[in-house]
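These protein sequence lines are chains A, B, C and D, in that order.
For the first sequence, position 300 matches number 300 in the working numbering, and the numbering has no gaps at all.
For the second sequence, position 269 matches number 598 in the working numbering, and the numbering has no gaps at all.
For the third sequence, position 18 matches number 676 in the working numbering, and the numbering has no gaps at all.
For the fourth sequence, position 66 matches number 1064 in the working numbering, and the numbering has no gaps at all.
Mixed in with the good hints, there may be bad ones.
[Unchecked claim] Distance condition first, Cα-Cα at most 20 Å in a straight line; then the derived DMTMM-like pairs of lysine to aspartate or glutamate:
id	chain 1	residue 1	chain 2	residue 2
1	A	LYS304	D	GLU1317
2	A	LYS304	D	GLU1308
3	B	LYS633	C	ASP980
[Stated by the list, open to error] Derived list of chain D stretches under chain A, where covered just means 3 residues or more per stretch with a C-beta under 8 Å from a C-beta of chain A:
id	segment
4	1110 to 1121
5	1178 to 1189
6	1231 to 1238
For the record, the hints were derived by calculation from the structure and aren't laboratory data.
For each residue, glycine too, the CB sits at the ideal point set by N, CA and C.
Spelled out from the first residue to the last, the chains are:
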Amino acid sequence: MAKKRLTQAINEAYIEEMDRNSRLVLYGEDVELSIFGDTRGLHGRFGASRVRNTPISEAALTGMAVGAAMAGNPVICHMMFSNFLYTGFDAIANQAAKLRLMTGGQARIPATFVAAIGGGTSTAAQHSDTPYPLLMNLGGVQVAVPSTPADAKGLLKTALRGENPTVFLIPRLRGATMGEVPEGDHLVPFGKAVVHRVGSDVTIVAIGATVSHALGAAETLRARGIEAEVVDPRTLVPLDEDAILESVAKTGRLVVVDESRDRCSAASHIAAVVADRGFHFLKSPVRRVTVPDTSLPYAPGLEKALLPDAAKVVAAVSAIFGDAQLEAP
Amino acid sequence: MAKKRLTQAINEAYIEEMDRNSRLVLYGEDVELSIFGDTRGLHGRFGASRVRNTPISEAALTGMAVGAAMAGNPVICHMMFSNFLYTGFDAIANQAAKLRLMTGGQARIPATFVAAIGGGTSTAAQHSDTPYPLLMNLGGVQVAVPSTPADAKGLLKTALRGENPTVFLIPRLRGATMGEVPEGDHLVPFGKAVVHRVGSDVTIVAIGATVSHALGAAETLRARGIEAEVVDPRTLVPLDEDAILESVAKTGRLVVVDESRDRCSAASHIAAVVADRGFHFLKSPVRRVTVPDTSLPYAPGLEKALLPDAAKVVAAVSAIFGDAQLEAP
Amino acid sequence: MNEVLTDRLVNEPSPAQLLAMLNVMVTIRRTEEQLGMDSKAGKLPGNVHLYIGQEAVAAGVCAHLGDDDFITSTHRGHGHFLAKGGKPRELIAEVHGKRTGACHGLAGSMHVADLSKGMLGANGIVGGGMAIAAGAALSAQLQGRGQVAVVFFGDGAASEGVLSEVFNIAALWKLPLVFVCENNLYSEFSPSATVTAGSLVDRPRPYGIPTTSIDGNDVVAVWAAAGEAVSRARQGLGPSFIEARTYRLRGHLEAEAGFIQTKYRTDEEVASWAKRDPIPAVAARLLAQGYLAEDGLAQIDSAVMLEVAEAVRFAEASEVPDMSYVEAAGFIRSAELGSR
Amino acid sequence: MNEVLTDRLVNEPSPAQLLAMLNVMVTIRRTEEQLGMDSKAGKLPGNVHLYIGQEAVAAGVCAHLGDDDFITSTHRGHGHFLAKGGKPRELIAEVHGKRTGACHGLAGSMHVADLSKGMLGANGIVGGGMAIAAGAALSAQLQGRGQVAVVFFGDGAASEGVLSEVFNIAALWKLPLVFVCENNLYSEFSPSATVTAGSLVDRPRPYGIPTTSIDGNDVVAVWAAAGEAVSRARQGLGPSFIEARTYRLRGHLEAEAGFIQTKYRTDEEVASWAKRDPIPAVAARLLAQGYLAEDGLAQIDSAVMLEVAEAVRFAEASEVPDMSYVEAAGFIRSAELGSR
Ligand SMILES: Cc1ncc(C[n+]2csc(CCOP(=O)(O)OP(=O)(O)O)c2C)c(N)n1
Ligand SMILES: Cc1ncc(C[n+]2csc(CCOP(=O)(O)OP(=O)(O)O)c2C)c(N)n1
Ligand SMILES: [Mg+2]
Ligand SMILES: [Mg+2]
């Protein structure tokens, strides 16, 4: 194993899969120069036919990905910032998510939409959304959100071999994060959560960039005698409900950490699943550490105050233990 | 009070508010002829300047609503079917939802986007979505979903006097539903749920068209000795969490009925809120009666099988009582 | 790859080709008349938007296409489905919501598709097929086997912004794409002139896309224009645009009488276009040239009627789909059905 | 309503008008040079996209607008903000993320807005301002007081489909809207020719919208074209389109050196455009005509530099916003903050 940056792991996934499948193409705005670095070198390696810089035309880009995929060419459609998914939303929500159903199963749509999510660098409201809740609700697109370089590579390679539309979201702030990436043909299955840290007292489900907050919080909590288990779903569609329930069965407590806005967040949904299927395991309220229902402002202090961090996770866990103590007379 | 159809109640709200505020304009595709009947007569009454048929250009329509509203003319932007919100999604998600924040509070955006939601008549996948979860997650648009003619009128009038962008969603199947509508200037406040039926054993929160399923289920359940309380939030943003919690504090049990797809649904969010703030009230799992995570197919039998109905609500309530009985040894 | 590649740029279809197009047109007409009747009789679960009057466009264009060429269509897609080789019985069963339908009854009228014929789907989203067709054209270009993609859309759909995005990309990348705008003078209930500024046919010009406006009720004119456009595309010369001026002889949707209170077009207008019905015109032409017997059209017609009647019986006798079809076509599993 | 209404269609701005535009241009230049320095020094929380080199466009267009006319702008919006009457200190404080900024530090560079001046906002979504401006133009038309709306956008943005939708609606409804496309030859790092098919300036033509291409580095040419377009709009004659050919002398964004590995434009190209800097050109013209003293530009410059320096001190001394600003600008309440 070698340590690699998350961005580099993604780059390798593109290269390996484009090497493997000569029909796979990649396009997007300025992918040749590569704003985030993930597509660097691809144009030189695979040529102007398979790696294309496009005009700023998101509605066409998403729709063409659907069409090319249906016609037999899997597509990596690079959308740059996830806020630009909205400009191209129709083809994701009304076409990609529905065509397999509408055609009675005829359509295979191996299209992977790549975009960066999340705040933290004062890119302000239109470049900092974390829109996986919207995508999760569409009912026909898979959603992957890696938190480590290894998962980034393995999930992306799985997406690129699949036959269903997938949105692959890159936690923007994690691009430079280093991590071990297994050598060889590293694939990570969809719908399989990973337990980053084993613990017996509380389950912290964390997604994407918030995994590191959860792990940081777990260290602080250990010092207070609380052992947290940190579970990372890795894909939100499909969602590994069983792994989450298994952990909560053990710990009896749940906090979900999620960088999306609170209302109808992934955290809400995971909390709801556990309040249903895992109700009898629960010893205390299910807390969510999410972004309040607002877009992120520019001023760094405000942005930081709104985003999840380790301290907020610690506070949420402490609160439910406080509750539990109050309860046990 | 007079009995009116829901569509007529909406029509009256348009007329009264356009009479009241000469700056208010309405536009959309074929609003002159009126596909759903809600805009009938407006063109004749208010003229071609204030009531405009538009080209099929949803991206422009939503964006223009934001611009006209910011410039001082409140807009009713009629989007016909809610699936067409996706074609015009950018201006809702990136502009309407964010501009007030981004301008530091300068922008007032009195734009109301009207669209019909829901399945039930084999309009198939692209004319049957119930996309309020997506809108709820945007963090900057209000969302109203009436279930009665009176609420339809009162909520819409409130929206049209407000200064924040609102999506007003019409449960399509309920257009012909009759109900009492108070005379005079009937306004319904945002963020205030209504209890349609009082009960002590279980809280059923239901939204839009599913309210009637919940009420139907409540009748069946009464026969089995279970008294259900039926709560209708009426607006999803803002959400009257307190009313829901108050009811659950009394009943100890919750089922949420929602015609949107399950993942990150309004039902998920309401369940999550109660699993947090109302945890100590809960005697049994919180169940959701929603649409499985798929678009609706054309074949009527399949569509029906996927949509919530009274029987499914009864089954969900029965299941949690079963659970509770199993529990109490 | 494809015998149609050998189509050379000639101005007239051969009599055999014209006869084949006539057959397609009659098939569309009779199938749709049947669906219109069934719709009014309340036999169909959902709405239908009929193509009656516009048959020459689908027939004339698709005459140049093989099974590995692609088309995308609109809410008014029966004609394109049939012209591209889809079977009447699969269409009729689909619109009846039966599992023997082209999409197992999950699609209905508005989404009917047959991928085995390169028909990537009717579409309930106006403009929804434009970028999909461009994507198929990109795939065609990458495969390098001379395939083409055709996007059918209405005059109303031309106002959707994605069209200009596709003009730009198709022109830049020289995609093998043919735009066929069926200008039937109405966008739902709005006359085109009230929702379309300036000149539709000129819109592709600034992008460097050749463009032409033809009589869409003349199948020979359609055939000739489409032949040129398809041949350009196959040769790698890039996209072309065709405006086909035509008229729908039926309502926007069959159910419209139920909710429309005021007429949006005059009886005279409809009658004047009925006189320009494309089917008798092509039959008369073949007759005049001696390639169709006096009762030739009637013969074609009875054969088609027989096929349609058989298709209706087939559809009626077919079973409705069960949930396994939804599961196979989506991501949901049985466990997820019902409440949870 | 508005004194600018009295602008008559003349070909040349008066010396006073030209001087005022020069002042605006120098203000933009010096403010942005300062922001560029601050950005490179790591003093700014977010990125900045500088307008340096394109100042003549904003200055020449906005010279025709009053506070109750509307503009929408782009990610490269400082110049439009200042030309429309926004204050340098409010801009600088905004980009510093301070509560004294035009948007209390919630917007930053990319979203700066001043609604009191009719500046409806820079926009981080390419093309995001197009429909917003059209909506403002609709409002203007309904109010009937002769207001106009101007939408500034780049050559890259012209590929967004919403532009064609707005062309169509603006033409149909004769909206008082002026399209100003600043063609600076690049869309991020892509040369326009690689992402723009055919002729940009001709695209509005099929919609019946008058269109013209001018030297965007010549403030007098911009002023004349904008004067004509604005006057048409005020008279109810509908929209016009102006392509202003210009060049950004700085990077796409100031931070780009940090991640760009290969040059995307040549030093010679940048140098040749630097020779066509619009500021010395207009100063020279005024000097030649005797309306500016030998040291006139220097004098304007020092006054502006003083203002900018004061603005920086003001920004630096200002407080950052607290959460009450977010609450006031959004729907969230304190109770909702933090975890729950
Ligand atoms: C995105 C979207 N907006 C609106 C509609 C509603 N709608 C269905 S058909 C139609 C008119 C289409 O007109 P045209 O493109 O000319 O096709 P025609 O019906 O004349 O064949 C409209 C507005 C839709 N289905 N999709
Ligand atoms: C919808 C959307 N897509 C992509 C981007 C990323 N982006 C920011 S600026 C830009 C290029 C804009 O080019 P142009 O319109 O010519 O303006 P210029 O930067 O040259 O002033 C792009 C692609 C964006 N901000 N919004
Ligand atoms: Mg039409
Ligand atoms: Mg540019």
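Would the pair A:LYS304 and D:GLU1308 pass a check requiring their Cα atoms to be no farther apart than 20 Å? violated (29 Å)
Verify the coverage statement for the segment 1110 to 1121 of chain D against chain A, using a C-beta to C-beta distance below 8 Å and requiring 3 or more qualifying residues. Answer violated; 1 residues pass the 8 Å Cβ test.
Does the structure keep B:LYS633 and C:ASP980 at a Cα separation of 20 Å or less? Since the Cα atoms of B:LYS633 and C:ASP980 sit roughly 12 Å apart, the hinted pair holds (cutoff 20 Å).
Holds or violated: A:LYS304 with D:GLU1317, Cα cutoff 20 Å? holds (16 Å)
Has the segment 1178 to 1189 of chain D got at least three residues whose CB is nearer than 8 Å to a CB belonging to chain A? holds (count 4)
Cβ contact check, 8 Å cutoff: the segment 1231 to 1238 of chain D against chain A, three residues minimum: violated (count 0)
Hint violations for this structure: numbers 2, 4, 6, all remaining hints satisfied.
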